[in-house]
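The opening position of the sequence shown corresponds to residue 1 in UniProt numbering, with each subsequent residue numbered one higher.
Derived from the structure by calculation, the hints contain no laboratory data.
Any given hint could be a false lead.
[Claimed, not checked] FRET-style restraints, in silico, Cβ to Cβ:
#1 91 to 174: 41 to 49 Å
#2 144 to 175: 43 to 51 Å
#3 40 to 131: 54 to 62 Å
#4 89 to 137: 19 to 27 Å
#5 38 to 175: 32 to 40 Å
#6 159 to 96: 23 to 31 Å
#7 176 to 144: 17 to 25 Å
#8 89 to 131: 29 to 37 Å
#9 57 to 108: 42 to 50 Å
#10 2 to 113: 31 to 39 Å
#11 143 to 116: 31 to 39 Å
#12 108 to 176: 44 to 52 Å
Each residue gets a CB set at the ideal place from its N, CA and C atoms; glycine is no exception.
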Amino acid sequence: MCLVRIPKGSLGEDTTRLLGSLIVARVWQATTARAALAQRQRRDASLYVDEAHNFLNLPYAMEDMLAEARGCRLSMTLAHQHLGQLGKDLKEGISTNARSKILFNASPEDARELARHTAPRIGEHDLAHLGVFHAAVRLVVGGEETQPFTVTTEPLPPAIRGRARLVRKTAARHTRPLSASAEGRDASGPDDTGTDPRRAT
1 MCLVRIPKGS LGEDTTRLLG SLIVARVWQA TTARAALAQR QRRDASLYVD EAHNFLNLPY
61 AMEDMLAEAR GCRLSMTLAH QHLGQLGKDL KEGISTNARS KILFNASPED ARELARHTAP
121 RIGEHDLAHL GVFHAAVRLV VGGEETQPFT VTTEPLPPAI RGRARLVRKT AARHTRPLSA
181 SAEGRDASGP DDTGTDPRRA T
């Protein structure tokens, strides 16, 4: 598991977009490299991208990635605030390739567009007025689309007492501050071997 935190407030918007896009691109390169493996040897993998519209400045079309990801055993979760943040091609790519859809409460504007996936049984008014922990679902089962229906999801469980303290304790035991790492590098001076560490293999 690899978790990457990219704080826009600290890095700035441009740096955040660039770094996030590079990470997504690198994950995709690693994914497509598995094409040489037999299907049974490809282990399931997942990519979760929050505020995804900020990190899709890629050298290849995102809609093509969505179309090919299934064959590479990669599931993708792209979280965003509203449909207006996504380009037309990307919206169509998601609509085509993410065939099973789970829709939570949407704005009236988004509900109007999303209702084409659930109408006539569930209309745009229904999508715009879904209650808390309620969702409209349309699944593909056995290669065929089911009729849309609504579900009630479970609320988050109560927070586990002492979890934050345990996380801090674990971090103190297994990590060290960035400032300490920098001081250690400065104190060690240049590489004694006379080789450029950037060229080390």
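Hints versus structure:
1. 91 to 174: 41 to 49 Å: holds (42 Å)
2. 144 to 175: 43 to 51 Å: For residue 175 against residue 144, whose Cβ atoms are near 50 Å apart, the range 43 to 51 Å holds.
3. 40 to 131: 54 to 62 Å: Since the Cβ atoms of residue 40 and residue 131 sit about 43 Å apart, the hinted range of 54 to 62 Å is violated.
4. 89 to 137: 19 to 27 Å: holds (26 Å)
5. 38 to 175: 32 to 40 Å: holds (38 Å)
6. 159 to 96: 23 to 31 Å: Taking Cβ atoms as reference, residue 159 and residue 96 lie about 39 Å apart, which means the hint is violated.
7. 176 to 144: 17 to 25 Å: The hinted range 17 to 25 Å is violated for residue 176 and residue 144, with Cβ atoms some 55 Å apart.
8. 89 to 131: 29 to 37 Å: For residue 89 and residue 131 the Cβ distance comes to about 33 Å; the hint holds.
9. 57 to 108: 42 to 50 Å: Given about 30 Å between the Cβ atoms, the range is violated.
10. 2 to 113: 31 to 39 Å: holds (34 Å)
11. 143 to 116: 31 to 39 Å: violated (21 Å)
12. 108 to 176: 44 to 52 Å: Holds, at about 51 Å.
In terms of the numbered hints stated before, the structure departs from hints 3, 6, 7, 9 and 11, listed from lowest to highest.
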